[in-house]
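Q: Chains as they are written, first to last, in numbering that gives the first Met the number 0: chain U, 0 to 294; chain W, 0 to 258.
Hints are computed from structural coordinates only; laboratory data are not their basis. The beta-carbon is built from N, C-alpha and C at its ideal position, and this holds for glycine as well. Treat the hints with care, as some may be off.
[Stated by the list, open to error] Residues of chain U clear of chain W, computed beta-carbon distances all greater than 10 Å:
1) 54
2) 128
3) 179
[Said to hold, decoys possible] Straight-line distance between alpha carbons at most 25 Å, and here's what the computed DSS-like set of lysine-lysine pairs gives:
4) 31/U - 86/U
5) 31/U - 91/W
6) 288/U - 91/W
7) 171/W - 5/W
8) 86/U - 71/W
9) 31/U - 71/W
10) 288/U - 93/U
11) 281/U - 91/W
12) 31/U - 93/U
13) 31/U - 281/U
14) 5/W - 163/U
15) 163/U - 91/W
16) 281/U - 93/U
17) 86/U - 70/W
18) 93/U - 91/W
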Amino acid sequence: MDLIKQLINGIQVGSIYALVALGYTMVYGIVKLINFAHGDFIMVGGYVALTVIPVLVSAGLSPWLCIIVAILFCALLGMATERVAYKPLRGAPKISVLITAIGVSLFLQNLFMLIFSPNPKPFPNFLDYPPLALGENFQISFVTLLTILLSLIIMVGLQFFIQKTKMGKSMRAVSEDPGAAQLMGINVNRTISVTFAIGSGLAAVASVLYCSAYPLVEPTMGSVLGLRAFIAAVFGGIGMIPGAMVGGLLMGVVESLTKAYISSQMSDAVVYGILILVLLVKPTGLFGKNVREKV
Amino acid sequence: MSCVLKATDLGVSFGGLKAVEGFEIEIGENQLMGLIGPNGAGKTTVFNLLTGVYQPTQGDIQVDGKSILGKKPYEISQCGISRTFQNIRLFKQMSVLDNIKVAYNQNMKYSLAGGIFRLGGYWREEAQVEEKAHQLLEIFHMDHLADHVAENLPYGQQRKLEIARALAAQPKVLLLDEPAAGMNPTETQELMETIATIREKFNISILLIEHDMGLVMGICERIVVLDYGKILAAGTPDEIANNSKVITAYLGQQEEAAC
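Next up, chain W with everything else stripped away, as it sits in the complex (with noise of 0.2 Å):
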């Protein structure tokens, strides 16, 4: 299996802090991945790293094996990286539509003076974007709220929403970053299906933040887990779950609860 995403020896430092050292991870094409820890391990750090919203003080990232250290984030986006956010951050004013064609737009080549003047390349390229995303939006059932401004949809479809417009910025790699904090049980057994189904229809890889550890078991083939900034392990969900060191720092508050 050839290798989409991997990151080496990866760690930043603010001031004396260590946020993440030694971090290592080797995605491969059509994986899921999960990444656990406690709060604070240091797991939306390496979120940032991979997408360029932090510089790395060491390692190196390399997506289809060229290194994309020092690039922009939004040239980062353009390699095939793409994400979500902890605390949903949608173009909220922006109908559901736009949010989507927003990033499809960075993929499409015609000129500012061609969007200003309406030349042919524009009509071409915006009548594409528009029937690619009604048809991703229909992947997620929510083409019939394509007119709706963002903000007004309710949680678990902004949640949705978020992942359709990641997807749509067409990523070799999907970074979910806690897609079912707050969602009710039925949303997020609805949410595992879509992520399933993308991970399906996209063929992409995607590396996934969660601290619902059924969703996390249930969907992962592997799983790292951060701690201090530093990977405790990782291996199969099984091999986890039963990771002494793991269950210490992790889940170890069960026998202290126990007490």
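Okay, chain U solo, but in the shape it has when bound (with noise of 0.2 Å):
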């Protein structure tokens, strides 16, 4: 029993990487930027969703609606970030944009810090619904399972909307050779922005998730969880949406079984050794494809 619950908080949490993970690997996928900033787009979702709670409840409306707003603001954000930030840099070196990149998140910690103060704030608990019994002793908290089941439905649509949209062919064409989409009638600005958005916005959904499991939210905690969900990204082969999915759950459950049954220290060592024993084996990462350079 003890461990089935173990295997759920894995679950849990391996989701939340999972939709961060999401955003870092479509973004690298189709303009190749480790996108730094990206872990701290879900703190901003976290600080909006807090803000616009208390608005929200005020006005009569439910407080679920932060989340949409909190969609909204970081889809934006993403892509005025990527006009503002990495556009005027396409074409430049990589490493350029790479600084930009960490430069944004700077930018944003700090910006947060001095809007709402370095303090953590404590995250209003509106998803308090009664936990789901299964069988004596055995409860599954109403958080966790809407984490599940909200990330689960997402994926399955994000790859839906990937492999049978025109957008969403349209990003696999730009991310495998945008001057050949350009010429064939890919408006490959737009499609850059919409990818940002769609990164971005599922970065604010695992804010809002993550702030309900974990009610506080302070300015640097997008670093810590950009960091993992960065990794789970590598560990499933960045670039690969299915990889980022694979590589955000198995995380989540290797994290939790460490923390549960070896030492709660232990976990990010453990963690880390497999993805580098994976990488030492893969170095594509577990979905990655091996690209042979033709001489």
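Mind assembling these two chains? They're in different frames, but the hints should get you there.
A: In structure tokens:
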């Protein structure tokens, strides 16, 4: 019974990693950039929800709407970041863009420290519904259930979107060859904007779910969560959407099981150890394809 | 005959180098025109100018009498100019069918939200595109390969798929950049037939860059010869074959070799 509980915990935290990892992997897939500011979009999403919930409640609306507001805000923030910080550097050396991404990350963290003070703020628990009982002394909290289900729906939906819709196909085409894509009539700039919007929107969903489970918001919360999710993306094979999902879930489960059965201090060591092993055997990650350069 | 694509006094320079200068071309409806010239003459540069990859530093380009100057490549593609590449640039990881659909897609109207929530328009238009894509592949005798990943196709098929993809963008003018490069004589023969078929079926104009003289002389109605970025001669295949300037600049090596 305890094992199942730990597994469920792992899947919950893993789903959140997966949602964030999807953002890293989608952006990497299309512009070959590790968007280090992505983790901070989670933090922004948390603060947006935190600010908006009292407003919604006092206006007599459901606090659930905070998810929508956070998604919209983060999507706009993602698009704006791309437009202002990354687009002018398209064609510049990769390292310049990477450093810009770190700059954006620091800017967001410090901006929010300035606005909201560096101290953690409690996140209102608006998902306070009774847990689902599965037999005696075994129950799943509502947040856990919601996290797992919502992430599952989003991942399936995203896979469908990428494979079947015209925007999804455009995204795949741009990620393979932006030059050829634009000559086939694809608006490359718009495609990149949409990718950033979707990735950042997913971070906002992850943010609300994460803050509901661990109800504290602080300006630096994005760095740790973002780093974990980034590792999940690398673990699964960066640029690969199914890789981000599986990588995130696996990391969550490993972390949770290590905390329960080995030692809570060891969890990072075990997770990173596994990452190193996987990368030694398969440097492109679990789902990564070996790209052999033809000479 | 009305003029579909017209370029006047077209030129581009990179720094001090005039890659193309004073280029003129008029392609009529359903006309098949060849663009030849020695290596480095600026043929692909002309294609890059016509498709908006490079912005011309002088001159004008018109599609159906409307200037396309200053438009982005994707807008020009939507205006009706589509192309293939000298070195194949398919979307290699995508299936054959998806390669076609991605080009067709750009003419679809349904919104992003429609795609996410799968509204009525999404189903209708996707079904149409699916059908059209299969029809197009059938013309190229490639429908049985629809689910294959593009990079696994043999070379000749990849070339054909690239032409099919360019056609899926529904162009008025198709620019083919060395479609026969690297093909064996049988494949080249097949390609000539394919080009003739698509010209008939789609009623489009074609501008063709090619080094295979047999192919160019065999199917083109008019030929433009480019050398050092300038037009050396223009005319029917017979005129070009007998033009002394062309023979000196382009085929003239025969005489030297004879020495």
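Q: Now look at each hint and say whether the structure bears it out.
A: So, going through the hints one by one against the coordinates:
The Cβ of residue 54/U sits about 26 Å from the closest Cβ of chain W, beyond the 10 Å cut-off, so the non-interface label holds. Every CB of chain W is more than 10 Å from the CB of residue 128/U (nearest about 26 Å), matching its label as outside the interface. For residue 179/U, the condition that its CB be more than 10 Å from all CB atoms of chain W is violated, with the nearest at approximately 4 Å. With a C-alpha separation of about 13 Å, the suggested pair residue 31/U and residue 86/U falls inside the 25 Å cut-off, and the hint holds.
Between the alpha carbons of residue 31/U and residue 91/W the distance comes to roughly 17 Å, so the proposed pair stays at or under 25 Å and holds. Taken as a hint, the residue 288/U and residue 91/W pair is honoured in the structure, with Cα atoms around 13 Å apart against an allowance of 25 Å. Of the pairs offered as hints, the one joining residue 171/W and residue 5/W holds, with about 12 Å between alpha carbons and a cut-off of 25 Å not exceeded. With a C-alpha separation of about 16 Å, the suggested pairing of residue 86/U with residue 71/W holds against the 25 Å cut-off.
Straight-line distance between C-alpha atoms of residue 31/U and residue 71/W comes to about 22 Å, which keeps the hinted pair within the 25 Å bound. The suggested pairing of residue 288/U with residue 93/U holds, with an alpha-carbon distance near 21 Å, which does not exceed 25 Å. As the CA atoms of residue 281/U and residue 91/W are separated by approximately 22 Å, the hinted pair is consistent with the 25 Å bound. Of the supplied pair hints, the one linking residue 31/U and residue 93/U holds, its CA atoms being roughly 8 Å apart against a limit of 25 Å.
For the proposed pair residue 31/U and residue 281/U, the alpha carbon gap of about 20 Å is at most 25 Å, so the pair holds. Between residue 5/W and residue 163/U the CA atoms are separated by roughly 38 Å; this puts the pair beyond 25 Å, and the hint is violated. Only pairs whose Cα atoms come within 25 Å are accepted, and residue 163/U paired with residue 91/W is accepted, the gap being roughly 17 Å. Taking the CA atoms of residue 281/U and residue 93/U, the gap is near 24 Å; set against the 25 Å cutoff, the hint holds.
Proposed proximity of residue 86/U and residue 70/W is supported: the alpha carbons are some 19 Å apart, at most 25 Å. For the hint pairing residue 93/U with residue 91/W, the CA-to-CA distance comes to about 23 Å; that is within 25 Å, so the pair holds.
Checked against the numbered hints above, the structure breaks hints 3, 14 and satisfies the rest.
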